Amino acid sequence: MQIPLIISNTTDLLRIMPDDILCVEAEGNYSKVYSIDGDAVLVSFQLGQVENKMATQLGSNATDFIRVGRGVIINRNYIFSISLGRAQIALKAPRGKKHTIEASRESLKVLKQLVDQSLEERSEQ
Amino acid sequence: MNEHKDFYDNISDNEIRVIGSHLSQSPDGAKPSEKNAPSGKQRQWWWWAILAAIVVATACTVLCMLLMGKDAPDEEPAADVSQSYETVAIDSLVMTHEDAPAYCEERNDTVNDIILHIVTPLGCAPKLHLGRLPENDTTMIMAVQAADVRGDNGEIAGAYIYEGELKSKGKSKLGFCAIVGNEITLGRQAETPLFERAIEENGYFFRQYSLVNEGKMIDIKPKGKSLRRALCCYEGRIVIIETAERESYHDFSQALADLGVEEALSLVGGEAQFHYTTADGTNHRIGTDVSDRYENVNYIVWR
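Going line by line, the protein sequences match chains A and B. For the first sequence, numbering that gives the first Met the number 0 begins at 0 and goes up steadily by one. For the second sequence, numbering that gives the first Met the number 0 begins at 0 and goes up steadily by one.
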């Protein structure tokens with residue numbers, strides 16, 4: 000059973016299921032949470048603080064999320080493409096729009112290795 | 000808690016980290032390696048190193064400024080940075096739409112030998128405007144340049160929200176103006192919920208130097224003299240106050256505070272554009288149009 004992620008401050012509260020999160024992008028001292036429906040909600044927490052909330056609230060579901068560099072947390076289940084050439088990663092949920100994010104080539108290289116590795120592990124099983 | 004905070008902030012642009020597993024991987028490692036939060040000794044070493052670097056950098060900066068007599072950089076005034084953790088109350092003001100025809104009232108006042116030109120828009124409401132001002136727009140009662148545009152890249156300096164869309168980020172300047180719904184708010188705060196409200200409610204937001212906050216002058220670092228202009232909350236209204244002569248920020252801030260201004264936000268001064276229409280229908284046109292050079296030139300426009 001999934002547990003929702005709750006991001007709450009003195010004036011606002013966001014409650015979202017992990018599977019509904021496409022990614023979270025840093026916006027200076029704020030973060031923007033993108034849902035798979037294409038909605039985006041700005042929350043008044045830095046990306047590291049959002050990462051902390053994910054790690055503490057989501058239990059085993061937290062490992063679905065990968066922090067890529069300083070700027071973004073992605074839901075690995077929605078990785079659509081990784082382009083080292085363009086230094087871009089595209090995320091896409093079923094029936095959702097493609098969402099493209101720029102990241103460093105080095106971090107994408109490592110991310111690609113991680114995804115390739117999970118493919119190998121799946122093949123071995 | 001701080002230990003966690005340190006860990007979650009501790010990632011470079013070239014690394015990735017699987018959340019919840021404390022697995023980090025950098026490009027030099029072929030396999031994901033266990034990268035738990037740094038040990039106490041490691042963290043202590045890093046803190047000492049960072050502290051030493053800050054002390055050395057500060058000492059060098061102070062020394063350079065003393066020796067060379069240079070001004071502090073305009074973009075990040077040291078005074079503002081040092082006060083960024085203070086909690087400051089925000090004044091909210093509602094602009095009322097009056098039935099009478101809109102116009103601007105102007106008068107002069109002298110404080111500390113500084114002549115202040117005070118222009119009060121009446122019966123009209125402010126919005127931000129991005130790009131060149133429309134010509135022959137008779138509904139425009141007042142227009143004044145708002146946020147600074149950076150000379151190096153042409154981007155707007157500091158956070159800027161236009162009709163709910165975030166056009167620029169940053170908060171090196173703590174002062175802000177938010178126009179959300181029927182309220183215009185001037186204040187001085189590093190983080191304000193009005194930022195989010197401006198996005199959610201298709202509002203407007205920009206940052207500038209705060210010159211007066213809660214009736215007290217803010218002594219910002221940039222020196223030098225110029226024609227100064229400010230967006231102010233004064234006697235329960237939003238007004239524009241400008242100097243007739245070239246003045247320093249310090250003297251202008253002090254004059255505004257002594258005048259009794261509750262909140263004041265610096266606007267682009269010097270040759271920046273300032274248009275307003277008085278009751279007799281005269282269109283006053285001050286300043287130079289620079290929209291050809293800077294596409295992000297922006298204004299507050301009252302209609």
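Possibly wrong hints are sitting among the right ones.
Mimicking DSS-like on lysine-lysine, the simulated pairs with C-alpha atoms at most 30 angstroms apart in a straight line are [stated by the list, open to error]:
1. B:Lys168 / A:Lys108
2. B:Lys215 / B:Lys126
3. B:Lys215 / A:Lys97
4. B:Lys126 / B:Lys168
5. A:Lys91 / B:Lys168
6. A:Lys91 / B:Lys166
7. B:Lys215 / A:Lys96
8. A:Lys52 / A:Lys31
9. A:Lys96 / A:Lys31
10. B:Lys166 / A:Lys52
11. B:Lys126 / A:Lys97
12. A:Lys96 / B:Lys166
13. A:Lys31 / B:Lys215
14. B:Lys168 / A:Lys31
15. B:Lys126 / B:Lys166
16. A:Lys52 / B:Lys168
17. B:Lys126 / A:Lys31
18. A:Lys91 / A:Lys111
Listing some non-contacts, in silico: residues in chain A with all C-beta distances to chain B over 10 angstroms [unchecked claim]:
19. Gln1
20. Pro3
21. Arg14
22. Ile15
23. Leu57
24. Ala61
25. Gly68
26. Pro93
27. Lys97
28. Ile100
FYI, nobody ran anything at the bench for these hints, they're computed from the structure. Bear in mind that the values here come from a model prediction, so they are computed numbers and not experimental data. All residues carry an ideal CB built from backbone N, CA and C; glycine is no exception.
Taking the numbered hints from earlier one at a time, note which ones the structure violates and give those numbers from smallest to largest.
-> 3, 7, 11, 13, 23, 24, 25
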